[in-house]
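Protein chains: 2
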Amino acid sequence: MRNKLKIGLFGFGCVGSGLYEVLNQSGLFNAHIEKIVVKDPAKDRSLPKNQFYYDPDVILEDLEINVVVELIDDAEAAYEIVTKAFKKGKHVVSANKKLIAEHLIELLTLKDEYGVSFLYEASSCASIPVIRNLEEYYNNDSLTGIEGICNGTTNYILTRLNNELRSFEEILKDAQDVGFAETDPTLDIDGFDSKFKLQILILHTFGLITTPQEVLNIGIRHIKEKDILFAKEKGYRIRLVSFARRIEEKIVAYVAPQFVRDSSFAYDINFEFNGVSIEALFSDKQVFIGKGAGSFPTASAVLSDISALQFDYKYEYKKLDECKATLANEAFLRAFVSSSDPESLKQIEFLEVDEEFVSQDYAYKVGTISLSQINHDLYRTHPELFISFFADSEICLHDPTKENKKAVNV
Amino acid sequence: MRNKLKIGLFGFGCVGSGLYEVLNQSGLFNAHIEKIVVKDPAKDRSLPKNQFYYDPDVILEDLEINVVVELIDDAEAAYEIVTKAFKKGKHVVSANKKLIAEHLIELLTLKDEYGVSFLYEASSCASIPVIRNLEEYYNNDSLTGIEGICNGTTNYILTRLNNELRSFEEILKDAQDVGFAETDPTLDIDGFDSKFKLQILILHTFGLITTPQEVLNIGIRHIKEKDILFAKEKGYRIRLVSFARRIEEKIVAYVAPQFVRDSSFAYDINFEFNGVSIEALFSDKQVFIGKGAGSFPTASAVLSDISALQFDYKYEYKKLDECKATLANEAFLRAFVSSSDPESLKQIEFLEVDEEFVSQDYAYKVGTISLSQINHDLYRTHPELFISFFADSEICLHDPTKENKKAVNV
Chain A
2 MRNKLKIGLF
12 GFGCVGSGLY
22 EVLNQSGLFN
32 AHIEKIVVKD
42 PAKDRSLPKN
52 QFYYDPDVIL
62 EDLEINVVVE
72 LIDDAEAAYE
82 IVTKAFKKGK
92 HVVSANKKLI
102 AEHLIELLTL
112 KDEYGVSFLY
122 EASSCASIPV
132 IRNLEEYYNN
142 DSLTGIEGIC
152 NGTTNYILTR
162 LNNELRSFEE
172 ILKDAQDVGF
182 AETDPTLDID
192 GFDSKFKLQI
202 LILHTFGLIT
212 TPQEVLNIGI
222 RHIKEKDILF
232 AKEKGYRIRL
242 VSFARRIEEK
252 IVAYVAPQFV
262 RDSSFAYDIN
272 FEFNGVSIEA
282 LFSDKQVFIG
292 KGAGSFPTAS
302 AVLSDISALQ
312 FDYKYEYKKL
322 DECKATLANE
332 AFLRAFVSSS
342 DPESLKQIEF
352 LEVDEEFVSQ
362 DYAYKVGTIS
372 LSQINHDLYR
382 THPELFISFF
392 ADSEICLHDP
402 TKENKKAVNV
Chain B
2 MRNKLKIGLF
12 GFGCVGSGLY
22 EVLNQSGLFN
32 AHIEKIVVKD
42 PAKDRSLPKN
52 QFYYDPDVIL
62 EDLEINVVVE
72 LIDDAEAAYE
82 IVTKAFKKGK
92 HVVSANKKLI
102 AEHLIELLTL
112 KDEYGVSFLY
122 EASSCASIPV
132 IRNLEEYYNN
142 DSLTGIEGIC
152 NGTTNYILTR
162 LNNELRSFEE
172 ILKDAQDVGF
182 AETDPTLDID
192 GFDSKFKLQI
202 LILHTFGLIT
212 TPQEVLNIGI
222 RHIKEKDILF
232 AKEKGYRIRL
242 VSFARRIEEK
252 IVAYVAPQFV
262 RDSSFAYDIN
272 FEFNGVSIEA
282 LFSDKQVFIG
292 KGAGSFPTAS
302 AVLSDISALQ
312 FDYKYEYKKL
322 DECKATLANE
332 AFLRAFVSSS
342 DPESLKQIEF
352 LEVDEEFVSQ
362 DYAYKVGTIS
372 LSQINHDLYR
382 THPELFISFF
392 ADSEICLHDP
402 TKENKKAVNV
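Chains as they are written, first to last, in the working numbering: chain A, 2 to 411; chain B, 2 to 411.
Since the hints were made in silico from the structure, they are not lab data.
A few of these clues could be false.
Pairs count within a copy or across copies, as identical chains cannot be separated in the list.
Claimed, not checked - In silico DSBU-like cross-links for lysine-lysine, where the CA-CA straight-line distance does not exceed 30 Å:
#, residue 1, residue 2
1, K174, K286
2, K88, K251
3, K319, K36
4, K325, K5
5, K286, K315
6, K286, K233
On a predicted model such as this, the values are computed, not experimentally measured, just so you know.
Next comes chain A alone, as it looks inside the complex (with noise of 0.2 Å):
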């Protein structure tokens, strides 16, 4: 009943190689690696250069190829690996997660006119069984809202500038140095990368489906050490939380910096582990905590997904058809606005302030606010403000202040 799987691979950098020896030890007989396209010739590997291809179409018009693996980091390449793959009636497992939620929409509309499957367990906290489980054991949970610590470069940054205030620049470059970070970190410290795996979490957790530009995403880049200093003489930890919470038929979902208190799943997870924790109906609060990222976790998830297409798995997307939920335009919440400039800090409306500290280069403000008011431009051009976000106040779609007043009317 198991179904042969020939596979191509596409990438064979950390989790390509993971794989490749994963899938080896695993005892998994009914999967093979046939064919491996790479794009650099001149790269040294750990596998003999006769081993490789690098014409893409070696694997996507091989008729006996009936899976393609996606595991190269360009998402442009990837895009027209995955729709050609779909178009040659190939499953595809991919780890991609900004193809994805950059062609949400047209990935899943293609692979069903095609009837194939499209699997991506490792896209979105890499060895946590995330998806999979919202897919096939919280299918039937009306489930409240998402929180995940998902990207484990900015949690291994995190981590560090609690444990040995430092500044972030200096933490940065550790990580690059020892390989947690990236050259160019953009994707990871702005919090795009974890926008991307939280639109992933959002479509199987609501049946949503969002576009990138619809998500705001704020990082980490401008957090100072007095920030730090705070969090820490209040007994918060400072993590960057992928957030979406079901509020009536709205979706608030944001990435953001969160002060969280060690009530708070988030506050245990450290250095490059990430953590997911789901709000349901009848199953209360589940928290999942794994590595999310490095060769063998990653692959994985990877593995998995083969597994699964031995039986023929799809996800179903049940939510998807149901979802009646709307992406919020606007919330309120409690939030720490920092500044080295504390003129600046007056560009952001508070609707109330409860607390409020100024000295000569160092100035705060907290209390709630608009999040429509904060977007990636804000945080792109002001590099003086650090905005983080409370995870454990309240969050309303209306102005609660007035909200009081006018209950106080009445």
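We have chain A; now place chain B onto it with these hints.
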């Protein structure tokens, strides 16, 4: 393609009535509870009396009913129901860990003989989807260990003991008053419940079938306030851990109290929460945390099993065929043994003593012991002794003190 599920439900207690509600709210339109059989006609229930039957055969002899959901307390009665259901060709969903642990081989053989499915996600850790993930997701990864906080009652008691420094008896009484412990708490506090769950986890992690007699369980009944104080002073918390680790081709397995540090997943599992940590060769360490008891959380796991039956889902028990490992008869590990009667400590043989404390009414030793000398008889007949292992210490198949000496001689 989905099967229509006509369900016969046994039991309408906490989980059974929870399932009734959860199923109604779930939008799982292919599944319907046709008949409910309960034991006690006199008991008040949330549905009218005419909805209940009292003769199991009303369900078991009903040819229309294709799924039996067994949610009763009595493991012996459950045995009769489940085996007859198999023989009548009905799929079974159960949450009864005692039934499963005591009759593993027979139940697996019988369900195969009659070609039916037997699912029991709720039996281990209630809402946490651990069995499904072991079966579906980690089925091609080589697993080296599994550890769980699988019993909400003892974890609730241990959390409160740690927070409040009151006596075990007082906290147990409180737990009984708020419904977190049974009137007869034996199964929970002596580690039987944790052991039944461990046996199920061992089956799906390693493919090894065990009997309750083969697996050691010692509980928390004999814990003293001074033991809690010792743990707190050294930065430990005490947890009742279901433990299994593969070393070479041996599985070392026990249920026992452990001192855990904040680097352990178990440290932050508090009150009635459960948690499971899976150690795998490729995917590394994975932790799952969720509610280990309660009407809706447990019912949600039962619902997931029912939902899976729509698609003819069966556990594959892939590791059962591949398993070469056997239970270890002996192991060596670091232990803490305390006593209110210093003399009685002498009956535990330490191969090496790291720490020792003696006063008139309290003494303890910390050091390396052989696991084989600890057994349930010793535990039962010596209420003055509290035995706990260390989560962060090594565990060996051979006497490590002898190996050291040998190494020195050579």
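query = So which of those numbered hints doesn't the model satisfy?
reply = 2
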